[in-house]
Amino acid sequence: MSILDTGRVRLKPMKGMCLHFSLYENGEVLEEDMALIQTYIEKYDGKVSLFVTRDNDEYSMSAGAQKMMFIGAGTRVKAVAFIDRSEVDTVLSTYADNSYLSHVDVRSFHDPEKAFEWISCYGPLPPLKANAL
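So in the working numbering, spot 28 of the sequence shown is number 28, and the numbers just go up one at a time.
By construction, these hints were calculated from the structure, which means they are not laboratory data. The C-beta atom is built at its ideal place from N, Cα and C for all residues, glycine as well. Don't take every hint at face value.
Pairs of lysine to aspartate or glutamate residues, derived as EDC-like cross-links and limited to a Cα-Cα distance of at most 16 Å, are as follows [unchecked claim]:
#1 LYS12 - ASP55
#2 LYS114 - ASP84
#3 LYS15 - ASP105
#4 LYS67 - GLU113
#5 LYS78 - GLU117
#6 LYS12 - GLU42
#7 LYS78 - GLU42
#8 LYS15 - GLU117
#9 LYS47 - ASP105
#10 LYS67 - GLU28
#11 LYS67 - GLU117
#12 LYS67 - ASP97
#13 LYS129 - ASP45
#14 LYS78 - ASP45
#15 LYS78 - ASP57
#16 LYS129 - GLU42
#17 LYS78 - ASP105
Each pair of labels, with its calculated beta carbon distance range [what the hints assert, rightly or not]:
#18 VAL88 - ALA130: 13 to 23 Å
#19 PRO112 - GLU42: 35 to 45 Å
#20 ASN131 - SER86: 20 to 30 Å
#21 GLU87 - ALA130: 38 to 48 Å
#22 THR75 - GLU32: 26 to 36 Å
Using the sequences plus the hints, can you model the full thing?
Set out below in structure tokens:
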């Protein structure tokens, strides 16, 4: 599967186990970004797991983007592993867990290897839908 790049978020398969969700650009993740992300995830025939990294210093998610995550995550996402680089990242991960990802299994890690080991317990990525090939 190809890489999705919204200009703020990059999404790509990671070792066949999950999708790497990289917040790589400073700025606000908007509804337009989330619409592209949802379309990408909908190409899979089942729920996916997300391995989330923050590769920038500052980002935020608009209220509309958070609402889209809350509505869509329950039907499209099994689990989310956040890689926390700092206390600020941990606060953001906790906020996500308690709000727009409250109905998904979420864990925070400082060690990417431990995060990948945990997220791998949710099994491999589902196959792509026939019309996505």
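Hints, one by one, checked against the model:
1. Distance check on the hinted pair: LYS12 and ASP55 sit about 15 Å apart at the alpha-carbon level, within 16 Å; holds.
2. For the proposed pair LYS114 and ASP84, the alpha carbon gap of about 12 Å is at most 16 Å, so the pair holds.
3. With a C-alpha separation of about 20 Å, the suggested pairing of LYS15 with ASP105 is violated against the 16 Å cut-off.
4. A hinted pair counts as satisfied when its Cα atoms are at most 16 Å apart, and LYS67 with GLU113 does not qualify at roughly 30 Å.
5. Of the pairs offered as hints, the one joining LYS78 and GLU117 holds, with about 15 Å between alpha carbons and a cut-off of 16 Å not exceeded.
6. Distance restraint check for LYS12 and GLU42: the Cα-Cα separation of roughly 13 Å lies within the 16 Å cut-off, and the hinted pair is therefore satisfied.
7. Taken as a hint, the LYS78 and GLU42 pair is honoured in the structure, with Cα atoms around 13 Å apart against an allowance of 16 Å.
8. Only pairs whose Cα atoms come within 16 Å are accepted, and LYS15 paired with GLU117 is accepted, the gap being roughly 12 Å.
9. With a C-alpha separation of about 12 Å, the suggested pair LYS47 and ASP105 falls inside the 16 Å cut-off, and the hint holds.
10. About 14 Å separates the Cα atoms of LYS67 and GLU28, which keeps this hinted pair within 16 Å; it holds.
11. For a cut-off of 16 Å, the pair hint linking LYS67 to GLU117 is broken: about 29 Å separates their Cα positions.
12. The straight-line distance between the Cα atoms of LYS67 and ASP97 is roughly 13 Å, inside the 16 Å bound, and the hint therefore holds.
13. In summary, the hint linking LYS129 to ASP45 is supported, as the alpha carbons are separated by about 5 Å, within the 16 Å threshold.
14. Between LYS78 and ASP45 the CA atoms are separated by roughly 13 Å; this keeps the pair inside 16 Å, and the hint holds.
15. A hinted pair counts as satisfied when its Cα atoms are at most 16 Å apart, and LYS78 with ASP57 does not qualify at roughly 27 Å.
16. A hinted pair counts as satisfied when its Cα atoms are at most 16 Å apart, and LYS129 with GLU42 qualifies at roughly 8 Å.
17. The suggested pairing of LYS78 with ASP105 holds, with an alpha-carbon distance near 7 Å, which does not exceed 16 Å.
18. Evaluation of the 13 to 23 Å hint for VAL88 and ALA130 yields a failure: the beta carbon distance comes to about 42 Å.
19. At about 27 Å, the beta-carbon gap between PRO112 and GLU42 misses the expected band of 35 to 45 Å.
20. ASN131 and SER86 have their C-beta atoms about 41 Å apart, which leaves the hinted 20 to 30 Å range violated.
21. The hint said 38 to 48 Å for the Cβ distance between GLU87 and ALA130, and at roughly 45 Å that hint holds.
22. The supplied range of 26 to 36 Å is broken by THR75 and GLU32, whose beta-carbon atoms lie about 20 Å from each other.
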